[in-house]
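*Asks:* One-letter residues, chain by chain:
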Amino acid sequence: MKLKRFKEIALDGTVRQNPTLRLVLGTCPTLAVTGMGAISCLGMGAAVIFVLVFSNLMISLLRNVIPDKVRIPCFIMIIATFVTIVSMFMEAYMEKLFANLGMFLDLIVVNCIILGRAESFASHNPALDSVCDGLFMGIGFTVSLTLMGIVREILGKGMLFGVQLWNFQIAFFAEKAGAFLTYALFIAIFNVCYNAVERKLKHKAAHNAAAVEREAEAQAAASTEAKEA
Amino acid sequence: MDVFAIIIAALFADNFVLSQFLGICPFLGVSKKISSATGMGLAVTAVMVITCVVCYPIYTFLLAPMGLQYLRILVFILVIASLVQILEMVLRRFSPGLYSAMGIYLPLVTTNCAILGIAKIVTETTDASKAGYIFSDVFFGKLVNVNMVMGYGEAVLSGLFYGLGFTLAIVLLAGLRTKTDKLQVAKPMRGFPITMLAACFMAMAFYLFTI
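Residue numbers (the working numbering), protein chains in the order written: chain G, 3 to 231; chain W, 186 to 396.
Accuracy of the hints is not assured; some may be wrong.
[What the hints assert, rightly or not] Computed list of lysine-lysine pairs in BS3-like fashion (alpha-carbon distance at most 30 Å, straight line): (1) Lys98/G <-> Lys6/G; (2) Lys159/G <-> Lys4/G; (3) Lys9/G <-> Lys159/G; (4) Lys217/W <-> Lys367/W; (5) Lys204/G <-> Lys218/W; (6) Lys204/G <-> Lys9/G; (7) Lys202/G <-> Lys372/W; (8) Lys206/G <-> Lys6/G; (9) Lys372/W <-> Lys206/G.
Calculated directly from the structure, the hints in this document are not laboratory data.
Computed from a predicted model, the values in this text were never measured in an experiment.
Using the sequences and the accompanying hints, generate a full structural model.
*Replies:* Printed below as a string of C-alpha cells:
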C-alpha cells in the first residue's frame, strides 16, 4: 500500500469521518459508556477496535465469495462471532470491566460503525486497506469516547481515571441528561475547529495554486523572451 | 414484579431511549417528521414483542439447559433478523395499509440496539430451574413468582411497554424538532447538536420519574 493512501485512510478515520463526532454513528455506547468513567471508555474502545479490525479483515477477504443479496446477514454473523470472542475474553480476564460495560459489550454487534464500515469500505477494498480503515476508525472512536468520558468524569464526579481529584462536582454531568449535553457540545466544538482548519487549508491551497500559476506565467514569459531573442 | 410497576418503569422511569441509551440511532435519525416517528416507533414495538415472545423460550428451554449461553448473541440476532423478514412479508401480503405505514422501517429495526437490548434484559432475569413456572404464568395467570424471576407473561408485557416507551420518546422528540428545525441556530450547532440538546431536556424531564 502506498504511503499516500495510508495517510488518507488514517486522516479519514480519525478526523474527516470521525465516527462519533462527524458521522454521529454508534451513539448508544457513546452516551452510555462515557458515564462510566474514562477507564471503561478505553476498555470499550479496545473491544470496538478489535471487532472492527477483524471483521473488516474477514469481510474484505470474503468479499468475492459472499453473494450480494445476503451480504448483511453474513456481515452480522461475522461481527457477532468476534463480539462473542471479545465478550468471552473479557468475562474471563477483566471481570470488573465486563461487569461495568454489561450489556453494551454485546451490543457492539448492532453498532452502526462496524456494519457501516463493512458495508461501505471492507466489502469493496483489499484486505490491508480494510484493516487500516478498521484500526483508524476504531482509534477515532476510542479517542473521542475517552475525551468525553474524561470531561464527564472530572465535571460530574471530580475524578480522573478513578482517582479522586477534588470534592467539587456537578452531578448533572454524571447523569443521563448530561450525556446528551456533553455529546452536543463536543460535536459543536469539533465542528468549529474542523471548519476553521478546513478554511485555512483551502486558503493555503488557493494561495499555493496562485503562486504556481504566477510561476508558470513567469516561465512562459521567460521562454517567449528567449525565443524572441 | 407488579404489572403496574413494569408499565410505569418501561414508559417513564426506565425509558429505553432517555434512561438506558438504547435505540438512539433511530431516535435521532428518524425523528424529522411526526408521521415517520410514529411508524418507526410502532415497528420497534412490534418487533420487540415478537422478540420477547420468541427469544425467551429459546433461551430458557434450549440455550440455558444445554449450557450454551455464550451463543446467545448469534442466536438472538439470527432469530430476530429472520422474524423481521417474515413479518415484513406477511404485512405486505395481508395488510398493505399497515405495511406502508411501518413496513419500510422494519428492516432498519433489525440492527437496532433496542431490540437486542430487550432480548438481553428479558433473558438475563430468567433462571432455568424456574422455567417450569413459565407455562403456569401463561395459562393460569401469574401464580408463583419467586426471586423476581421474570415470567413469560411479564417478559412479553415488558417488551410491549418498553416498545411503547420508545414510541413515546421518539414522537415527543419529533414534535420538538418541528420547532427546533425552524430556529436560527449557530452554524456549528445545527443538525445533530441541537437535536441532542432537545433530547437532553427531555431526559431531564423523564429523570423526575426516577426520584
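*Asks:* I'd like to know which numbered hints this structure contradicts. Please list them from smallest to largest.
*Replies:* Result: hints 1, 2, 3 and 5 break, sorted rising.
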